[in-house]
Amino acid sequence: MYPYKHHQQKLLKWIALFLAGTFLQLLFYIPTPVLSQNSSSCSNITAPLTPEEQIYARAAWQYFVKNYQPATGLTNAAGGYPSGTLWDMGNYLMALNAARWMNLTDQADFDSRLNKFLTGLGNLKLFEDALPNKVYNTATGQMVDYGNNPIERGIGWSALDIGRVLAAFDVIRTCHPQYNDWLKGIVAKWQVARSLKDGQLYGATVLPDSKTLLVQEGRLGYEEYAVRGYQLWGFAAPKALALEPYKMVEINGVQIPVDTRDFQSTNANNYVVSESYILDGIEFGLQGELADFATRVLEVQKRRYEATGQLTAVTEDNIDQAPYFLYNTVYANGNAWATITDNNQPYPQFRSVSTKAAFGWRYLYPDNTYAQKLFDAVKDLRSPDDSGYYAGIYEESKQPNKALTGNTNGLILEILYYKARGNRSLIAGYVNTTAKAPSNNTSAATPTPTPTNPPQTSGNTPKVVEVKVPTPPANSSQVEEVAVTPIPPVDQPDAASKLKLTRPLTVVERRYAEAAWRYFQANYHPKNGLTDDRSDFKGATLWGLGDYLAALHTARSLDVISAKEFDQRTRHILAALGKLPLFAGELPNRGYDTRTLQPIDYGGNPVIEGNGWSALDIGRLLAGLYNLKSNHPEYTKAVDQIVLDWSYLRIVRDGVLSSATVIKNTQGRYLTRVNLDTRLGYEEYAARAFQLWGFDVEGSAVGGEYQTSVVEGVKIPTQRQRKDTNSKVNQYTVSNPFILYGLEFGLDPKMRSLFEPIFQAQAERYRRTGTLTASATTLIDRKPYTVHSAITAQGKSWEAIGDDGKTLPQGRMVSTAVAFAYHALLPDNQYSQKLLQGTTDLYNPLTGFYEGFYETTGKTAVGFTSSTNSMILQSLLYTLTNHQPLISPTTSLNSPWWETVAQGDSGRGLPRIAKPKIRLISDSYGNYWASSENTKVTK
1 MYPYKHHQQK LLKWIALFLA GTFLQLLFYI PTPVLSQNSS SCSNITAPLT
51 PEEQIYARAA WQYFVKNYQP ATGLTNAAGG YPSGTLWDMG NYLMALNAAR
101 WMNLTDQADF DSRLNKFLTG LGNLKLFEDA LPNKVYNTAT GQMVDYGNNP
151 IERGIGWSAL DIGRVLAAFD VIRTCHPQYN DWLKGIVAKW QVARSLKDGQ
201 LYGATVLPDS KTLLVQEGRL GYEEYAVRGY QLWGFAAPKA LALEPYKMVE
251 INGVQIPVDT RDFQSTNANN YVVSESYILD GIEFGLQGEL ADFATRVLEV
301 QKRRYEATGQ LTAVTEDNID QAPYFLYNTV YANGNAWATI TDNNQPYPQF
351 RSVSTKAAFG WRYLYPDNTY AQKLFDAVKD LRSPDDSGYY AGIYEESKQP
401 NKALTGNTNG LILEILYYKA RGNRSLIAGY VNTTAKAPSN NTSAATPTPT
451 PTNPPQTSGN TPKVVEVKVP TPPANSSQVE EVAVTPIPPV DQPDAASKLK
501 LTRPLTVVER RYAEAAWRYF QANYHPKNGL TDDRSDFKGA TLWGLGDYLA
551 ALHTARSLDV ISAKEFDQRT RHILAALGKL PLFAGELPNR GYDTRTLQPI
601 DYGGNPVIEG NGWSALDIGR LLAGLYNLKS NHPEYTKAVD QIVLDWSYLR
651 IVRDGVLSSA TVIKNTQGRY LTRVNLDTRL GYEEYAARAF QLWGFDVEGS
701 AVGGEYQTSV VEGVKIPTQR QRKDTNSKVN QYTVSNPFIL YGLEFGLDPK
751 MRSLFEPIFQ AQAERYRRTG TLTASATTLI DRKPYTVHSA ITAQGKSWEA
801 IGDDGKTLPQ GRMVSTAVAF AYHALLPDNQ YSQKLLQGTT DLYNPLTGFY
851 EGFYETTGKT AVGFTSSTNS MILQSLLYTL TNHQPLISPT TSLNSPWWET
901 VAQGDSGRGL PRIAKPKIRL ISDSYGNYWA SSENTKVTK
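With our numbering applied, the sequence shown has no gaps in its numbers, which climb one by one up to 939 at the end.
Just so you know, these hints were derived from the structure itself, not from any lab. Treat the hints with care, as some may be off.
Computed list of lysine-lysine pairs in DSSO-like fashion (alpha-carbon distance at most 27 Å, straight line) [to be verified]:
id, residue 1, residue 2
1, 750, 564
2, 783, 750
3, 500, 564
4, 197, 239
Pairwise CB distance ranges, derived in the manner of DEER restraints [as the list claims (entries may be wrong)]:
id, residue 1, residue 2, range
5, 899, 649, 35 to 43 Å
6, 664, 783, 19 to 27 Å
7, 707, 479, 56 to 64 Å
8, 568, 668, 27 to 35 Å
9, 857, 181, 29 to 37 Å
10, 500, 644, 40 to 48 Å
11, 903, 609, 50 to 58 Å
12, 807, 926, 35 to 43 Å
13, 568, 609, 29 to 37 Å
14, 346, 915, 45 to 53 Å
All values reported here derive from a predicted model rather than from experimental measurement. Just so you know, even glycine gets a beta-carbon here, dropped at the ideal spot from N, CA and C.
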């Protein structure tokens, strides 16, 4: 009797569930709204496909031909993989309908396929006898999990997928009314109302204890799309149809609608992608706020392209490698341009240009030039074996994402059918007259002010009181560039540098290196061999020319440029350096017009008398020249001749570095003033460079005691404690000089004690606030032109200030160069990895890397500089040299410089001893340069 009683109880249980489901069905059912068209409109092809479009359509249809499962009538969600969801079934129905009306298949084949499909669908076992399982084996019809493993009970249902297939059902019954009754019977069998609750869409999942849990499904975009499918069959979910809750988030200058229900608060992703808006447009017609939202979503992708040179068409896609399915987003869970799994795991390296998104935007906005550019990139991305369209193109590797899916190919067919119907939506029958090209008006984007001529600044030297001649710089079209003849060819130029790399660049690293080098191609003056410090100004400082030398050596070491180009550029820059007018016949001026080679001030105005020198900038150039002759000794004679022309009597005094400025007194006389240069970090870096050449500048080298300020619980250096000056010139602490020091000279114990808290404070700020922080001096193309995003400035933490010391409340930036450098120096650190992930996209393939992005808005900071692109190149090289300091020691002191030093007093302030004051050390701290007298080597 017990077995009978058990079955009786089970039967009663299912009867109860059935009755409850029927009651709910009636409760949520409303009369079907008149949204569908009549069947005659389905065959009304008013804009026939062009011959090229017919090729696209045939290619997409071949996917379904090759992935058809005759036993069930279903098709595979991914090429050759017998699995599929209800969403995938909706894709197939939409594709099948499109194929019929575009004459890709005849009526007999259509009927055969649809009959098989509906039969197979009707035979599928339902989850809890209520609704289709989330996924089925398409070959057998069994309920499976997402690994395609059979599972007797199933894993639940997806309300979004139900909405998708209900929309497809409506298209089929409208365009092929002979199937209406069959479809109505299938829907009646399903307890659709169980997926509705409190006016929202609810999916079901199975908990570890085997209980069924209902979970709200859908976020802005997909939620509204899916509920429209429910509406077509008479089911109401008003909260799901409402756009709220959402907020506008600025990304790349565009206000983007974002669902406020994010992963952190709901364990569900609030991704913003292209596909939901494209589906809405081609199936229901873009209307009202959704039309505006779609415009914004396309516009922001165009803005990213304009900012980085990277074509952007993001949506969810299968990929051809683990983890196999990703959401490429405009925004997800607090992060712009996130590429994540369903569990919010990031995979930015696999972000791709989506084929289906590119097709969608092109046909929704046929007059939009960016949408056309996207389309041109993918329109021929077909499998060579005629298996359909690939899913897209990986952004990093530029290789095709060879995943073949029903989603991609089904959507392409839908889109082409939409076009053939004269841009008339497939369900509501609207003509998308509102799908106009996105504009840059204030409704969708933050206006960008037109930049004026920026002042020139090295970004690495303090702003000084200097001569300001009122005459504005001449128009570039009126300035004839001075031609400089390169130095004569050198004997037996090396094919490459002496550096031995531990491995070659990866495909992605090479792309970064080539992009960074493009800056020095785009801003090169072929007549004289100089490069500009920044792309928007024809001028260079000695710091910028040092950047160029470092970039030149690095590009050759990484094999980004040929030996011939390296030799030509090197001989040209060395000749130009020998032609630069010297201030007072002693040292190079602070800045030069890169066309005339004449001195200019930081505003670009000519200064006939000169404007002094910067010991810090000269130190940067000396480091570059020393490394050039160390790695390429064939240029030693030419290098030494340049620096032997200079006088060091006033720049090196009493063991410290001094800089010269020019002021104008009340009588109109020009006066030179020489003072210690004490800019924190930069002084220490420059001192090391001078020590390479034998100068005694121990007073400026890293060491002694430093004043500190507590930031994020960490003591941050703010100023060296010293008695030889009352200068208060240093008003901020930034990362730039410390990481450049680390890359080139290594982190000696004393520098490490400064470097580590600076990095730690930034990591702690991110941990506390979630704000990526890479504090640096950056140069931008608009006022204030130079921004110091400081760790501490003028006694305050996390201030951004201009050169004038004024606070810039919204000015803080995340520096691209600093992010690359921190990752190179600390590759295993999680925060440095996070920094790199946030900045690797910030480049234009033709002009180099941008300076960074704004912390508050995420907007790209527009500006291209030699400092940023040189540091990125050096960071890449550092990772390939087993983390050795990039400054290489010379093996010979038999050179004009050292021979002249050995001869004694020359009247120009040369070192007293003919050897460097520092040497390369290897000990328990690593490899680094340090003062010879004060370092004990530990093997």
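Cβ distance range 45 to 53 Å for residue 346 and residue 915, holds or violated: 50 Å, holds
Range hint compliance [Cβ, residue 568 to residue 668, 27 to 35 Å]: Taking Cβ atoms as reference, residue 568 and residue 668 lie about 46 Å apart, which means the hint is violated.
Hinted pair residue 783 and residue 750, Cα distance within 27 Å: 37 Å, violated
Supplied distance hint 29 to 37 Å, evaluated on CB atoms of residue 857 and residue 181: Once the Cβ atoms are compared, 55 Å apart, the range 29 to 37 Å for residue 181 and residue 857 is violated.
Restraint status (C-alpha distance of residue 197 to residue 239 at most 27 Å): Cα-Cα ~10 Å, so holds.
Distance restraint hint 50 to 58 Å, applied to the beta-carbon atoms of residue 903 and residue 609: Distance hint for residue 903, residue 609 is violated at roughly 33 Å.
Range hint 19 to 27 Å (beta carbons of residue 664 and residue 783) holds or violated: 25 Å, holds
C-beta pair residue 500, residue 644: status relative to the range 40 to 48 Å that was hinted: With a Cβ separation near 31 Å, residue 500 and residue 644 fall outside 40 to 48 Å, so the hint is violated.
Cβ separation of residue 568 and residue 609, checked against the hinted range 29 to 37 Å: 34 Å, holds
Pairwise beta carbon distance, residue 807 to residue 926, judged against the given window 35 to 43 Å: For residue 926 against residue 807, whose Cβ atoms are near 38 Å apart, the range 35 to 43 Å holds.
Distance restraint between residue 500 and residue 564, which requires alpha-carbon spacing of 27 Å or less: With a Cα-Cα distance of about 20 Å, the restraint between residue 500 and residue 564 holds, given a limit of 27 Å.
Given pair status - residue 564, residue 750, alpha carbons within 27 Å: Status violated; Cα separation ~41 Å.
When each numbered hint is compared with the structure, violations occur for hints 1, 2, 5, 7, 8, 9, 10 and 11.
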